[in-house]
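Hey, can you work out the whole structure from these sequences and the hints?
Line by line, the protein sequences give chains A and B. Residue 47 in my numbering is what sits at position 47 of the first sequence, and the numbering runs on without skipping anything. Residue 1151 in my numbering is what sits at position 151 of the second sequence, and the numbering runs on without skipping anything.
Please note: incorrect hints may appear among the correct ones.
Said to hold, decoys possible - Where chain A lies over chain B, by a calculated footprint (3+ residues, C-beta under 8 Å):
(1) 1020–1032
(2) 1039–1045
(3) 1164–1173
(4) 1217–1230
Said to hold, decoys possible - List time: in silico DSSO-like cross-link candidates among lysine-lysine, alpha-carbon distance up to 27 Å:
(5) B:K1102 - B:K1172
(6) B:K1228 - A:K231
(7) B:K1172 - A:K63
(8) B:K1172 - A:K113
(9) A:K113 - A:K140
(10) B:K1172 - A:K111
(11) A:K140 - A:K111
(12) B:K1172 - A:K231
Treat the hints as calculated values from the structure; they're not laboratory data. Cβ atoms here follow ideal geometry from the backbone N, Cα and C, with glycine treated the same way.
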Amino acid sequence: MARFHALQVTDIRRDTRDAVVVTLKPDAADRATFDFIQGQYLTFRRDFDGEELRRSYSICAGKDEGCLKVGIKRVEGGAFSTWANEELRVGDRLDVMPPMGRFFTELEPEKVKSYLGFAGGSGITPVLSIIKTVLAREPKSTFTLIYANRQTSSIMFREELEDLKNSYLGRFSVIHILETETQDIDLFTGRIDAEKMELLLRLWVDAEEVDTAFICGPEPMMLTIADSLRKHGLADEQIRFELFASSQPGRAKARTLSQVAATGAGTCEVSVTLDGSTRNFQMEKNGSSVLEAAIANSMDAPYSCKAGVCSTCRAKVIEGEVEMEVNHALEDYEVRAGYVLSCQCIPVSDKVVISYDE
Amino acid sequence: MTNEAVLDEDTMPLADYLARGGKLTSPNNVPPRYRAELLRLMSSFVDSELAGSAGFADAINWAPGLKERIAASRITLEKVDHAEQVLDLMSDFGTDKALYNKAHSWSARQPRDAKVDAKRQGGDMRLSVFHYPLQGWTDAVVMNFLMGLATVHQLKDLNQTSYQPLGEVFRKILPREQRHMELGLEGLQVLAVDETARQEAQSSVAYWLPKVSETFGPAKSERFDRLKQIGLRQTDNETLRAAWQADANERLNELKLTK
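If you want it as structure tokens, here you go:
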């Protein structure tokens, strides 16, 4: 299972009014662990008033920059991004998980490939990592970036993209689509919708030539772009998405799970929520699991291995005390937040409320 | 890109996004019920491949010739590799890969004449067809062809699944599973020219056909509706079953293997 490592902040550069680029350095022993693939992301954790928050940010450095960099844009009400933009200092150490993610294609230096990238706002970060790596390591390939933003001042990495254009003349081009700013060409003003995609693909980009398209941005934008690309003949395997759903799991208060073994006496009132409906039943406190009881009460509760290994049956204890016999799948922070493996979950208290929906 | 909550006019509820064919790409933020259904789908595939491989291992020693021995070895090997590729995705969600492999006896089988409920009964998540034992080379060839063909139809549907990393793995696996099915078909063609072997194959077909048919699930399935809603599945059980059935019948009739 992936573990957190402490990385040192070696540089913080303000990129736009509400975005910073943070450079991180792993300790010598961790260097291999943090050898990333272009387009991957890092997951950070930090305590905010006793609550652990985890946030993922895409790496924006190319493979040949010899460092780890992430772009962090401040979002309204976002605890982590606000803290990173306002309080994070050079020299601080951050808890970071090794790089993860599959938003990339294999590099093939000898091939001639044509890439098309779409980025919306901070969705540029993984795409930038891919652009820099591909241009450096696939000398015959070309990359076209279509980059949507509100206005010029909110464009992340604007200068760096200009520099790349100059360093890789003829191999890299950028089209900026600005929502609220008029540009010389009408097509480049507004939002990327189906009509604009149609025109872009007719006038500026030849979809037939494209080997792979990378899309990273808000959900509706990705759907629109993917639809248009498919209509222009791109197959699913040629379209790569990166999305982190914006809905966050609830911030549960920490919960103490009893270490006392079930006494094996009496019954427990159990309430189980699954797919929005709740069922109440009684179960014997005889060492059988809440999952088994739910199934016996004809609920279609999710499970697979029944051995505490796979985590398919993960549920959250809303009320009551349970004991988890075996846990090979949930991390400490999940357990603290009240999650259990329901196949291993034995009621201790006389009433237990469990939900598969949270 | 980040997963810090952004809720403005640029974003949309995840349910709408999935209903419109959107893809999810990271384990970090898939919603709880999506996570559960996805893991269940992946376990069922992994367990079926592991159980399928474990059962087919016997066929290596039943193989009548070197070519067949190589084919059986290859199928046995590659099915484990396919299981591992999906298990790797499960590890991203916290599944302990090493323990997972040890959690069940993948070679365990019920008696040949057992009546295994198509609904899973405890134990691992393998499809019910993998609870029945093979009983010799001809039987293994027939089962491998029929189930291989079913897998091809099922994977073609799962290619489009809304969890993009899984769709990618399935797209990569599909040509090799297709090849396993073709190896079965080649084996059947050899058997079909010998009258004794053909008759033996015919009774194996009669034995396996309904059992493979059951792997497509019930015609009316709430689970399918649920999976369809979140984009994990696309084509309903009955449509897939009918396509497989037609495909299988055509090839079996050509070889005079149906009764």
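Hints, verified against the model:
no., hint, in the structure
1, 1020–1032, "holds (count 12)"
2, 1039–1045, "holds (count 4)"
3, 1164–1173, "holds (count 5)"
4, 1217–1230, "holds (count 3)"
5, B:K1102 - B:K1172, "holds (26 Å)"
6, B:K1228 - A:K231, "holds (22 Å)"
7, B:K1172 - A:K63, "holds (26 Å)"
8, B:K1172 - A:K113, "holds (21 Å)"
9, A:K113 - A:K140, "holds (7 Å)"
10, B:K1172 - A:K111, "holds (21 Å)"
11, A:K140 - A:K111, "holds (7 Å)"
12, B:K1172 - A:K231, "holds (23 Å)"
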